[in-house]
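Construct the complete structure from the given sequences, taking the supplied hints into account.
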Amino acid sequence: MNSDTSFAFKDVSLNGERVTLRTLHPEDTSEEHASWLNDPIINRYLETRSTTLPELREYIAKKFESADALLLGIFWKETGEHIGNIKLEPIDLKEKTAMLGLLIGAKKYWGQGIGTESTALVTNFAFQNLELGEIRLGVIADNKPAIRVYEKCGFVIDHIEKDGINHDGVLHDKVHMIKKAQ
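My numbering runs 127 ahead of the 1-based position in the sequence shown.
If you are wondering where the hints come from, they were derived from the structure by calculation, not from laboratory data. As the structure is a prediction and not an experimental result, all values here were calculated from the model. Be aware that a few hints might be false.
Stated by the list, open to error - Below, simulated DSBU-like cross-link-like pairs (lysine-lysine); rule was C-alpha separation at most 35 angstroms, straight line:
hint	residue 1	residue 2
1	K279	K223
2	K214	K189
3	K279	K289
4	K289	K204
5	K301	K279
6	K279	K137
7	K223	K271
8	K189	K235
9	K137	K189
10	K137	K223
11	K137	K204
12	K214	K234
13	K235	K221
14	K189	K204
15	K234	K137
16	K271	K214
17	K221	K137
Encoded structure:
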């Protein structure tokens, strides 16, 4: 892809062993999805602390229409259940970079390697299909499970930003990680 390519009309589907990642559309909005963002256990490491169904629908619509974002739902292959999201944003095709974000919202799938499988699928897509040179991310230092997922997928710590995240008035260190194309 070249730097003039727009993602405004993207329709991506990536198949893994246990999950399918596909572009989220506003009609994919559900009470279950919104409940993840309102659950303090699930959202404790997220910037978003709560949302309503209309706000979530609007968020998904904006990401779908955005020229520099790719928001994919993570769907369990056996049942088609929406269990999480993964996104690349912003995608900078000129600089060949993107930022990664991941959420496994359905708690029953935690600790089963879904984050690792999903991250591997989307990073491979980004390097092979979007021709990106590197993917970056930022994660709160307390989120050890996420850091392990990213390390398994080849991300390395670039640097740690002291007090880089403010969660409800409490400062936390932010771990910046990077993965470069092979």
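Outcome of the hint check:
1. Of the pairs offered as hints, the one joining K279 and K223 holds, with about 22 angstroms between alpha carbons and a cut-off of 35 angstroms not exceeded.
2. Restraint check: the Cα-Cα separation between K214 and K189 comes to about 13 angstroms, which is no more than 35 angstroms; the hinted pair holds.
3. Proposed proximity of K279 and K289 is supported: the alpha carbons are some 24 angstroms apart, at most 35 angstroms.
4. Distance restraint check for K289 and K204: the Cα-Cα separation of roughly 40 angstroms exceeds the 35 angstroms cut-off, and the hinted pair is therefore not satisfied.
5. The straight-line distance between the Cα atoms of K301 and K279 is roughly 19 angstroms, inside the 35 angstroms bound, and the hint therefore holds.
6. For the hint pairing K279 with K137, the CA-to-CA distance comes to about 28 angstroms; that is within 35 angstroms, so the pair holds.
7. The suggested pairing of K223 with K271 holds, with an alpha-carbon distance near 28 angstroms, which does not exceed 35 angstroms.
8. For a cut-off of 35 angstroms, the pair hint linking K189 to K235 stands: about 29 angstroms separates their Cα positions.
9. A threshold of 35 angstroms between alpha carbons decides the hint, and for K137 with K189 the separation of about 13 angstroms falls inside it, so the pair holds.
10. Taking the CA atoms of K137 and K223, the gap is near 18 angstroms; set against the 35 angstroms cutoff, the hint holds.
11. Distance hint between K137 and K204 is fulfilled; the C-alpha atoms sit about 21 angstroms from each other, no more than 35 angstroms.
12. A distance of roughly 19 angstroms separates the Cα atoms of K214 and K234; the hinted pair therefore holds under the 35 angstroms criterion.
13. Straight-line distance between C-alpha atoms of K235 and K221 comes to about 39 angstroms, which puts the hinted pair past the 35 angstroms bound.
14. Between K189 and K204, the direct Cα distance comes to roughly 26 angstroms. Compliance with the 35 angstroms bound is thereby established for this hinted pair.
15. For the suggested pair K234 and K137, the alpha carbons sit about 29 angstroms apart, so the restraint of at most 35 angstroms is met.
16. Restraint check: the Cα-Cα separation between K271 and K214 comes to about 20 angstroms, which is no more than 35 angstroms; the hinted pair holds.
17. With a C-alpha separation of about 18 angstroms, the suggested pair K221 and K137 falls inside the 35 angstroms cut-off, and the hint holds.
Consistency with the previously given hints fails for numbers 4, 13, ordered from lowest to highest.
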